[in-house]
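This note's numbering puts the sequence shown at residues 20 to 459.
Rather than coming from a laboratory, the hints here were simulated on the basis of the structure. Just so we're clear, the structure is a prediction, and the values are computed from it rather than from any experiment. Heads up, a few of these hints could be off.
16 Å max Cα-Cα, derived EDC-like pairs, lysine to aspartate or glutamate [as the list claims (entries may be wrong)]:
(1) 186 <-> 299
(2) 435 <-> 423
(3) 231 <-> 162
(4) 402 <-> 383
(5) 458 <-> 392
(6) 231 <-> 254
(7) 336 <-> 68
(8) 397 <-> 459
(9) 444 <-> 455
(10) 165 <-> 208
(11) 384 <-> 442
(12) 334 <-> 312
(13) 426 <-> 383
(14) 458 <-> 442
(15) 231 <-> 256
(16) 444 <-> 383
(17) 224 <-> 238
(18) 435 <-> 455
Quick list of the computed label-pair ranges, beta carbon to beta carbon [stated by the list, open to error]:
(19) 251 <-> 42: 32 to 42 Å
(20) 189 <-> 334: 26 to 36 Å
(21) 403 <-> 164: 26 to 36 Å
(22) 250 <-> 69: 31 to 41 Å
(23) 424 <-> 230: 44 to 54 Å
Built from N, CA and C at the ideal position, the CB exists for glycine as well.
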Amino acid sequence: MKKYYLLFVLVFGTIVLHAQHFDRTRLDSLFALLEKNQKGMGSVSVFYDGEEVYQKSIGFADVENGLPADAQTKYRIGSISKTFTAAIIMQLVDEAKLSLDMHLAAFFPEIENAELITIAQLLRHRSGIYNFTNVPQYTDWMEQPKSRLEMVEVIRQSGSEFSPGTKAGYSNSNYVLLSLIIEKITNKEFAQVLHDRISSPLGLKNTYFGSKISPAQNEAMSYTLAGNSWVPATETDMSIPLGAGAIVSTPGDLNRFFHALFTGNVVSPTSLMEMQQLEDHFGLGLFQMPFYERQAVGHTGGIDGFQSNVAYFQKDKVSVAYLTNGVSMTVNDILIGVLSLYFGRDYDLPQFTPFMQLTTEQLDKYLGVYASDAIPLKITISKNGNTLIAQATGQSSFPLDAYDVDKFQREQIGLKLQFFPAEQKMTLMQSGMVFEFVKE
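Could you build all of it, start to finish, from the sequences and the hints given here?
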């Protein structure tokens, strides 16, 4: 549901030949370091030509009960669900039950601009429909069940951000509506359609529409790291995201699905080409992921404490899927390590230094509400015991780690904060940008 663009690395250099004989020992060492230093929990799978050549699981599916993750642990995959939804839509197009130029008004005329919005625009995030997960009240009700009618009403009330077709704007609303269109055409619930059209034909035994998480069924809970402890995250009710983010799977199943998709076993060749055509960086449930001189296509996702990534390198016949139920290091950095070691690029294993341990009294000088003239967000700094907590306006709170005097970070989102207590100021650094904040 959350949007995570997986950039990998975009540079030019000498092409490294496909490494069928990759350094398995160093890959094992990378994940051992991540586990030892609490940088993440989850599972990774690498496929070559449709066969799994590497798999590793670290951490716990259920921290409270000490249940370790394994290759069969199922994770919520968030927005990778959109690739499945797009594939089902294209199957319906192949069967002449739907067309990409059909308008939303044929199904949901009550949505703003429905008479102008096409199926293709929904798929490519060019509808202009506001992303319902961005409404300020979303976190108040995201863990409660919603009926289909209620979800349509939420989207209707959210309105439109821009005129359809004029630009792209990522919106989960698009894929919730596509899910409901699938249900209208097939006369089946999305969960059944997913099973009948994708999971069963492809033998994806661990891929299905999610419900309340069941650790007893080897379904992973999700967590955030607070200090040195993994703390349970929220649990979105799956009646809300539907085909935008409600699917559960394993890395192995995701690789099997992508291999099947790109070898012509899911949609027609014409539909597969259409899915890969980019407009403002978006295909149909797909986007590009550059890694040095290589290009992959795939998708990313995030829901609650889960993050998910799958990348398919067509020329190399390689796919990589990494699903995590807890991270304290950017997933992008972890995957750069995995791909570098697999493709034989130079790569130094990370060296981790322990975070500083501060007392609750030492945190008091940072507490308060900070505002900036540069961005329309206020950031509230609070504490929970000896952990500093940050929360931006309308967003969920998250813990911070102290890595130097007056310096804190949230490593998994690349965020750093530096405080200047004497001046009542704070600097925020993220994605190469720097913003100055003043305590109110």
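Verification of the hints:
| no. | hint | in the structure |
| --- | --- | --- |
| 1 | 186 <-> 299 | holds (7 Å) |
| 2 | 435 <-> 423 | holds (11 Å) |
| 3 | 231 <-> 162 | holds (10 Å) |
| 4 | 402 <-> 383 | holds (8 Å) |
| 5 | 458 <-> 392 | holds (12 Å) |
| 6 | 231 <-> 254 | holds (8 Å) |
| 7 | 336 <-> 68 | holds (5 Å) |
| 8 | 397 <-> 459 | holds (10 Å) |
| 9 | 444 <-> 455 | holds (7 Å) |
| 10 | 165 <-> 208 | holds (14 Å) |
| 11 | 384 <-> 442 | holds (11 Å) |
| 12 | 334 <-> 312 | holds (12 Å) |
| 13 | 426 <-> 383 | holds (14 Å) |
| 14 | 458 <-> 442 | holds (9 Å) |
| 15 | 231 <-> 256 | holds (7 Å) |
| 16 | 444 <-> 383 | holds (14 Å) |
| 17 | 224 <-> 238 | holds (13 Å) |
| 18 | 435 <-> 455 | holds (12 Å) |
| 19 | 251 <-> 42: 32 to 42 Å | holds (36 Å) |
| 20 | 189 <-> 334: 26 to 36 Å | holds (27 Å) |
| 21 | 403 <-> 164: 26 to 36 Å | holds (29 Å) |
| 22 | 250 <-> 69: 31 to 41 Å | holds (39 Å) |
| 23 | 424 <-> 230: 44 to 54 Å | holds (47 Å) |
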